[in-house]
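J.: Here is how the chains run, residue by residue.
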Amino acid sequence: MTVSQSETKPATGSTAQPAGGKDNRRRIPGGAMVWVLVLLIIAAIVLSKGVFIRPSNLTTVLYQTAVVGVLAMAQAYAVISKGLDLSIGATAILAALVIGDASSADPQFLPHLPLPLAILAGLLVGLLVGVVNGFIAGRTTVPPFIITLSTYLVIVGITFMLTQGAPVTQPDQLLKDLGDARVWILPVPVLLWFVLIVIGHLVLSRTKQGAMLYSVGGNETAARLSGVPVPRIKVFIYAAAGVFAAAAGLLFLTRTGSVSPSAGSEFMLMSVAAVVVGGIPLSGGQGKIRDVVLGVLILGIAGNLMNLMLISPYLQMAVQGAIILVAVGANQRLAQGRGD
Amino acid sequence: MTNKMVAAVGPDAAVGMPATSTRPLAGHGPSRWLSALSGRAVEILFLGMVLTGFIASPNFLTSFNLEGLLSQAAVLGILAIGQYIVIVAGGFDLSVGAVAAASSMVVASTLDGMGLLGILVAVAAGGVLGLLSGFAVTVGRIPPIVATLGVMGIAQGVAFTISNRGIVITDSTFMAINSTSFGFVPLLFVIWAVLVALVFAFLRLTRTGLYFFAVGGNADSARLAGVPVARVQITAFALSGLLAGAAGVLFAARASSGLPGLGVGWELDTIAAVVIGGVSLYGGSGNLVKAMIGVLTYLMITNVMNLADVDSYLQNVLKGLLILAAVAVPAVLLRRNHLLGRTS
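These protein sequence lines map, in sequence, to chains A and B.
Numbering-wise, the first sequence is residues 1 to 340 according to full-length UniProt numbering.
Numbering-wise, the second sequence is residues 1 to 344 according to full-length UniProt numbering.
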């Protein structure tokens with residue numbers, strides 16, 4: 001146990017490249033994505049004739065990316081551990097429905113709860129989903145992809161069984177007020193996102209579990225042999241992802257003021273896209289929360305710019321796809337990594 | 001001892017969970033029995049679903065139901081062939097559903113002007129999108145999941161740019177693709193079966209075919225052994241694109257229209273079906289025929305639940321649990337026989 005700590009701690013604790021992987025000399029992607037972001041911002045300012053840089057527009061960008069930003073962080077935990085979590089989008093929506101319904105004056109499928117308890121219940125839903133995912137991932141050799149695909153289907157089924165397909169439209173008024181409230185010029189959901197970024201970063205870089213997460217993602221066998229309790233760490237990883245997903249659901253609810261069971265179908269792929277555009281390799285063991293934030297901002301700013309330029313939403317899909325290809329391709333080149 | 005070893009050398013040695021099923025563990029009766037079963041998960045599940053359907057509803061074994069099931073399986077199955085090729089070669093193709101949608105739009109919009117030549121154009125369009133994935137993965141060095149996610153966006157964009165609403169097809173010759181059937185065996189099913197046979201022969205009998213398994217098993221060793229890795233990967237994605245294009249055409253015939261929003265979630269459906277069929281997600285192994293039984297099994301889960309009037313919301317829950325069980329049970333057995341030393 002102590003051995004594994006001393007082995008993995010310095011690798012991830014240092015501000016230099018977190019080489020949870022095998023090769024310390026390998027340049028970690030991330031540096032390149034900063035330049036992609038800078039170029040994109042310059043392009044956005046020029047192409048939108050300055051509209052982009054207005055504070056009101058900047059807050060809009062942040063406001064619109066906050067939910068995916070938190071989901072992408074959940075995805076990053078799974079990806080860094082060499083897994084994938086397809087269930088986070090559905091978890092976010094279920095959590096939002098639970099919070100919205102339990103806190104409403106006239107709940108449809110849950111008992112009425114005071115708002116703090118309702119939020120807690122929502123977060124517990126995320127925790128429960130994550131623990132189930134992590135438990136199976138730790139005890140069997142089933143690929144996380146399949147585990148979370150299955151739990152995704154189960155969650156969607158449960159969501160529709162609970163709600164019978166009806167949206168939750170009257171959550172506690174305080175939630176809507178929070179969504180509209182601002183501190184200085186920053187909307188509360190954006191502030192909550194920032195807080196979660198800090199938490200997500202600290203857990204990864206400053207805790208024992210975070211260090212072990214990198215070692216499991218880098219080389220699971222080596223991690224096990226050096227004393228990392230792999231099954232328990234997997235529970236931790238997916239539980240963290242589940243809680244972040246539920247928090248994203250909370251943000252979604254404050255932003256929209258209502259939630260439909262069929263919402264958020266694009267969340268899962270968006271979260272994966274943000275993680276990889278941020279330069280985190282799917283081969284595991286590497287990546288920082290900073291990368292995720294970069295990825296989310298790149299996708300968010302690109303979307304915003306296309307809206308400002310009045311590009312048709314259909315063409316936007318194609319452009320988003322092309323951006324993913326170009327950004328990741330360029331990053332791979334600059335990082336001089338060896339393929340996958 | 002010898003008779004057990006024989007199994008490990010046959011072509012099925014490359015099947016999903018061979019470590020336990022084909023190698024002897026010890027003399028213990030029950031564990032040997034379990035091991036033998038664990039390599040047959042998809043066949044067992046398939047028979048189980050047929051039996052369940054038979055018991056659950058008198059309508060299951062009607063020609064009407066079977067015809068519908070087989071036509072449906074043909075479209076998903078052809079997509080799944082492509083997904084199988086890509087997975088065996090060590091990748092993923094998340095774009096199959098969107099490529100099928102784009103292809104359905106292309107065929108629907110070209111039939112009037114070009115006649116049946118539009119079919120070729122649509123299939124070729126799928127091939128081009130597949131090539132794009134292939135080049136992104138090899139030349140661009142982009143991980144397959146990401147590359148095909150990008151191409152998925154591009155394909156959706158193409159589909160919706162052609163028209164953001166469906167295009168109705170009136171060409172009666174084209175519609176015959178869907179309406180023709182031999183007894184309860186629809187023409188769509190025959191097309192699927194022929195494509196399966198062709199791809200199976202290609203993968204098992206040609207040198208290039210074997211390269212796919214080599215690249216998926218270990219790209220570095222394959223490269224060192226002289227396999228043209230990049231070319232194999234590009235071919236895999238191009239084939240997947242062509243097959244997705246074909247599936248899109250067949251779907252257009254089934255729906256008598258091109259639909260731009262088609263195929264959402266199909267990428268996951270095909271992956272799930274192929275995995276139920278025992279194909280390893282890590283590449284390099286898997287039997288195409290078993291993967292196709294996986295497709296039928298996957299669709300029967302929904303079909304049987306529909307016939308048995310299972311609440312449509314509950315269906316998702318049960319489907320998820322079944323997929324998990326289908327993959328987890330063999331995996332747990334594998335873990336129990338961990339002594340064999342070969343993990344995942």
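Quick caveat, the hints were computed from the structure, so don't treat them as lab data.
Quick reminder that beta carbons are idealized off the backbone N, C-alpha and C, glycines included.
Check the hints yourself; a few may be wrong.
[To be verified] Now the in silico label distances, taken between C-beta atoms and shown as ranges:
1. B:Val289 x A:Ser283: 42 to 48 Å
2. B:Ala225 x A:Ala222: 39 to 45 Å
3. A:Val326 x B:Asp220: 52 to 58 Å
4. B:Asn59 x A:Thr141: 50 to 56 Å
5. A:Ser283 x B:Ala308: 40 to 46 Å
6. B:Ala325 x A:His112: 24 to 30 Å
7. B:Gly226 x A:Leu310: 21 to 27 Å
8. A:Ala166 x B:Val264: 49 to 55 Å
9. A:Pro229 x B:Gly68: 45 to 51 Å
10. A:Gln209 x B:Phe64: 52 to 58 Å
11. B:Gly113 x A:Leu124: 30 to 36 Å
12. B:Pro228 x A:Gln209: 41 to 47 Å
13. B:Gly68 x A:Arg224: 45 to 51 Å
[What the hints assert, rightly or not] Covered by chain A, according to a simulated footprint, are these stretches of chain B (three or more residues, beta-carbon under 8 Å):
14. 106-120
15. 264-274
16. 316-329
J.: Does each hint fit the structure? Answer for all of them.
T.: Hint check results:
1. Separated by about 31 Å at the C-beta atoms, Val289 (chain B) and Ser283 (chain A) break the suggested range of 42 to 48 Å.
2. Separation of Ala225 (chain B) from Ala222 (chain A) is about 27 Å and departs from the stated range, judged on CB atoms against 39 to 45 Å.
3. Separation of Val326 (chain A) from Asp220 (chain B) is about 27 Å and departs from the stated range, judged on CB atoms against 52 to 58 Å.
4. For the pair Asn59 (chain B) and Thr141 (chain A), the beta carbons lie near 39 Å from each other, so the given range of 50 to 56 Å is not met.
5. The given range of 40 to 46 Å is respected by Ser283 (chain A) and Ala308 (chain B), whose C-beta atoms sit roughly 43 Å from each other.
6. Distance hint check for Ala325 (chain B) and His112 (chain A): the Cβ-Cβ separation is about 37 Å, which falls outside the suggested range of 24 to 30 Å.
7. Restraint check, Gly226 (chain B) to Leu310 (chain A): a C-beta distance of roughly 53 Å breaks the suggested window 21 to 27 Å.
8. For Ala166 (chain A) and Val264 (chain B), the hinted distance range of 49 to 55 Å is not satisfied, since their beta carbons lie about 22 Å from each other.
9. Under the hint 45 to 51 Å, the C-beta atoms of Pro229 (chain A) and Gly68 (chain B), about 50 Å apart, fit the expected range.
10. About 56 Å separates the C-beta atoms of Gln209 (chain A) and Phe64 (chain B), a value consistent with the hinted range of 52 to 58 Å.
11. At roughly 58 Å, the beta-carbon separation of Gly113 (chain B) and Leu124 (chain A) lies outside the given 30 to 36 Å, and the hint is violated.
12. Judged by the Cβ atoms, the range 41 to 47 Å given for Pro228 (chain B) and Gln209 (chain A) holds: they are separated by roughly 44 Å.
13. Hint check: Gly68 (chain B) to Arg224 (chain A), Cβ distance near 48 Å, so the stated range 45 to 51 Å holds.
14. Look at the region 106-120 of chain B against chain A: 0 of its residues bring a Cβ nearer than 8 Å to a Cβ of that chain, fewer than three, so the hint is violated.
15. Here's how the region 264-274 of chain B fares: 4 of its residues keep a CB closer than 8 Å to some CB of chain A, so the rule of at least three is met and the hint holds.
16. Under a criterion of three residues with beta carbons nearer than 8 Å to beta carbons of chain A, the stated coverage of the region 316-329 of chain B is upheld, 10 such residues being counted.
Violated hints for the displayed structure, listed by number in ascending order: 1, 2, 3, 4, 6, 7, 8, 11, 14.
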